[in-house]
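Using the sequences provided together with the hints, build the complete structure.
Residue numbers (the working numbering), protein chains in the order written: chain C, 1 to 90; chain P, 1 to 90; chain H, 1 to 90; chain R, 1 to 90; chain F, 1 to 90.
Just so you know, these hints were derived from the structure itself, not from any lab.
Nothing here was measured: the structure is a model prediction, and the numbers come from that model.
Glycine is no exception: its CB is placed at the ideal position from the N, C-alpha and C atoms.
Among the hints, a few may not be true.
Stated by the list, open to error - Label-pair restraints from in silico Cβ distances:
id : chain 1 : residue 1 : chain 2 : residue 2 : range
1  : C       : Ser68     : P       : Ile11     : 32 to 40 angstroms
2  : F       : Phe36     : C       : Gln39     : 21 to 29 angstroms
3  : C       : Ser84     : R       : Pro70     : 43 to 51 angstroms
To be verified - Covered stretches of chain H (chain F as the covering partner; in silico rule of three or more C-beta atoms under 8 angstroms from a C-beta of chain F):
id : segment
4  : 24-32
5  : 37-49
6  : 75-87
What the hints assert, rightly or not - Which residues of chain F face chain H? A few of them, derived with a C-beta cut under 10 angstroms, are:
id : residue
7  : Ile11
8  : Gly52
9  : Pro73
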Amino acid sequence: MYLGQVIGLAIATRKDERLVGTKLLITQPILPDGSFSGQPIIAVDSVGAGIGERVIFVTGSVAARIMSDPNAPCDAAIVGIIDSIESFHR
Amino acid sequence: MYLGQVIGLAIATRKDERLVGTKLLITQPILPDGSFSGQPIIAVDSVGAGIGERVIFVTGSVAARIMSDPNAPCDAAIVGIIDSIESFHR
Amino acid sequence: MYLGQVIGLAIATRKDERLVGTKLLITQPILPDGSFSGQPIIAVDSVGAGIGERVIFVTGSVAARIMSDPNAPCDAAIVGIIDSIESFHR
Amino acid sequence: MYLGQVIGLAIATRKDERLVGTKLLITQPILPDGSFSGQPIIAVDSVGAGIGERVIFVTGSVAARIMSDPNAPCDAAIVGIIDSIESFHR
Amino acid sequence: MYLGQVIGLAIATRKDERLVGTKLLITQPILPDGSFSGQPIIAVDSVGAGIGERVIFVTGSVAARIMSDPNAPCDAAIVGIIDSIESFHR
Numbered sequence: 001m002y003l004g005q006v007i008g009l010a011i012a013t014r015k016d017e018r019l020v021g022t023k024l025l026i027t028q029p030i031l032p033d034g035s036f037s038g039q040p041i042i043a044v045d046s047v048g049a050g051i052g053e054r055v056i057f058v059t060g061s062v063a064a065r066i067m068s069d070p071n072a073p074c075d076a077a078i079v080g081i082i083d084s085i086e087s088f089h090r
Numbered sequence: 001m002y003l004g005q006v007i008g009l010a011i012a013t014r015k016d017e018r019l020v021g022t023k024l025l026i027t028q029p030i031l032p033d034g035s036f037s038g039q040p041i042i043a044v045d046s047v048g049a050g051i052g053e054r055v056i057f058v059t060g061s062v063a064a065r066i067m068s069d070p071n072a073p074c075d076a077a078i079v080g081i082i083d084s085i086e087s088f089h090r
Numbered sequence: 001m002y003l004g005q006v007i008g009l010a011i012a013t014r015k016d017e018r019l020v021g022t023k024l025l026i027t028q029p030i031l032p033d034g035s036f037s038g039q040p041i042i043a044v045d046s047v048g049a050g051i052g053e054r055v056i057f058v059t060g061s062v063a064a065r066i067m068s069d070p071n072a073p074c075d076a077a078i079v080g081i082i083d084s085i086e087s088f089h090r
Numbered sequence: 001m002y003l004g005q006v007i008g009l010a011i012a013t014r015k016d017e018r019l020v021g022t023k024l025l026i027t028q029p030i031l032p033d034g035s036f037s038g039q040p041i042i043a044v045d046s047v048g049a050g051i052g053e054r055v056i057f058v059t060g061s062v063a064a065r066i067m068s069d070p071n072a073p074c075d076a077a078i079v080g081i082i083d084s085i086e087s088f089h090r
Numbered sequence: 001m002y003l004g005q006v007i008g009l010a011i012a013t014r015k016d017e018r019l020v021g022t023k024l025l026i027t028q029p030i031l032p033d034g035s036f037s038g039q040p041i042i043a044v045d046s047v048g049a050g051i052g053e054r055v056i057f058v059t060g061s062v063a064a065r066i067m068s069d070p071n072a073p074c075d076a077a078i079v080g081i082i083d084s085i086e087s088f089h090r
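Below you can see the structure in the form of structure tokens.
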């Protein structure tokens, strides 16, 4: 899993039918201190994340497990909303 | 999922038989502002994407789920065409 | 598998129900000499790793195999605690 | 999928028995203009690719689908030989 | 698959029970000319690789296929020992 921050929304009317009804959230990977690092991904959401919130997301085939159709072509999903981070060494 | 822009087409007469009949679209990863970032990949298409269009693509084993034969050796697929992006913070 | 050091903890009250009850450990990839390299990930733990310990972690779909529910949306897991490293050439 | 060029051959007498009889082709990722980009990988071949040819390869678990034993420990495979590339914007 | 050189050994007494009895080899990715490139990974071994040997390794879920328990949480495995490399262009 990775730390991220929801920074936007992608609108796609034409999409794979198994993705219809999902929100496609632009999610920026972040470091434990909140700074941005790396390239944004598009994640589906299972936990009601909103713009600006810090989240935990997964990538790869396990992401599809949050979909109502777990055979959807989905490779990134938000699986938690961060309350707080306790970080040492960095 | 990732944001991308279709920038070309690869022609391959000799290919795995499970890929016959698919379009192999050269897809450039992009940032939310549309600028190019990273190396192009080759994605199959399930949504009728054309050259120049901005799309959402998946990578890894879930990509094969868009194929008529879901056991095809395919690891990248376009699953949506972007209408608009609402991006904050970047 | 990768070498890492546990450097923190992420607290997420709202999360996928299959992740409830797991500790989400912020894990920094390290080189054999212990220096930090690359971006921290969030890993679940199956071996009782504590803050500061050096560990071995896996990523991708195999990580979910350590969960009590192996269908959890989990893509990173600590699978061992390092006692020592014998490294040559570096 | 990725664009690549076959630049060599790795010989390995001792190998997993499910890989016996396969050619292990050193494959350099390339950009649409043919320039090298990134680190070579070792791919098995299902389409008769030769040294110097430009190819399309897949990575990850789907690569094993080209093997006679689809349970082989294989994570990279050549699935097409490029005839031509039509690239715009780059 | 990737070219690598075994450069060390990680000792982990506490580990997932499905990894007990495996050697955890620190494996440095290399280029065809033998130079180091990228960050070392920890790979299990199925072919009797020793310190200093040049090897072929796989990553991701297919790596677990070399384990006696193919459901082990393992994402990197050595699957061949390199006798020689014939490389062109580089």
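Evaluation of the provided hints:
1. Ser68(C) to Ile11(P): 32 to 40 angstroms: holds (38 angstroms)
2. Phe36(F) to Gln39(C): 21 to 29 angstroms: holds (26 angstroms)
3. Ser84(C) to Pro70(R): 43 to 51 angstroms: holds (45 angstroms)
4. 24-32: The restraint on the segment 24-32 of chain H holds, since 3 of its residues have a Cβ under 8 angstroms from chain F and three suffice.
5. 37-49: holds (count 5)
6. 75-87: Three-residue rule met by the segment 75-87 of chain H, so holds; n is 10.
7. Ile11: It holds, given that the least Cβ distance between Ile11(F) and chain H is near 5 angstroms, below 10 angstroms.
8. Gly52: It holds, given that the least Cβ distance between Gly52(F) and chain H is near 7 angstroms, below 10 angstroms.
9. Pro73: holds (4 angstroms)
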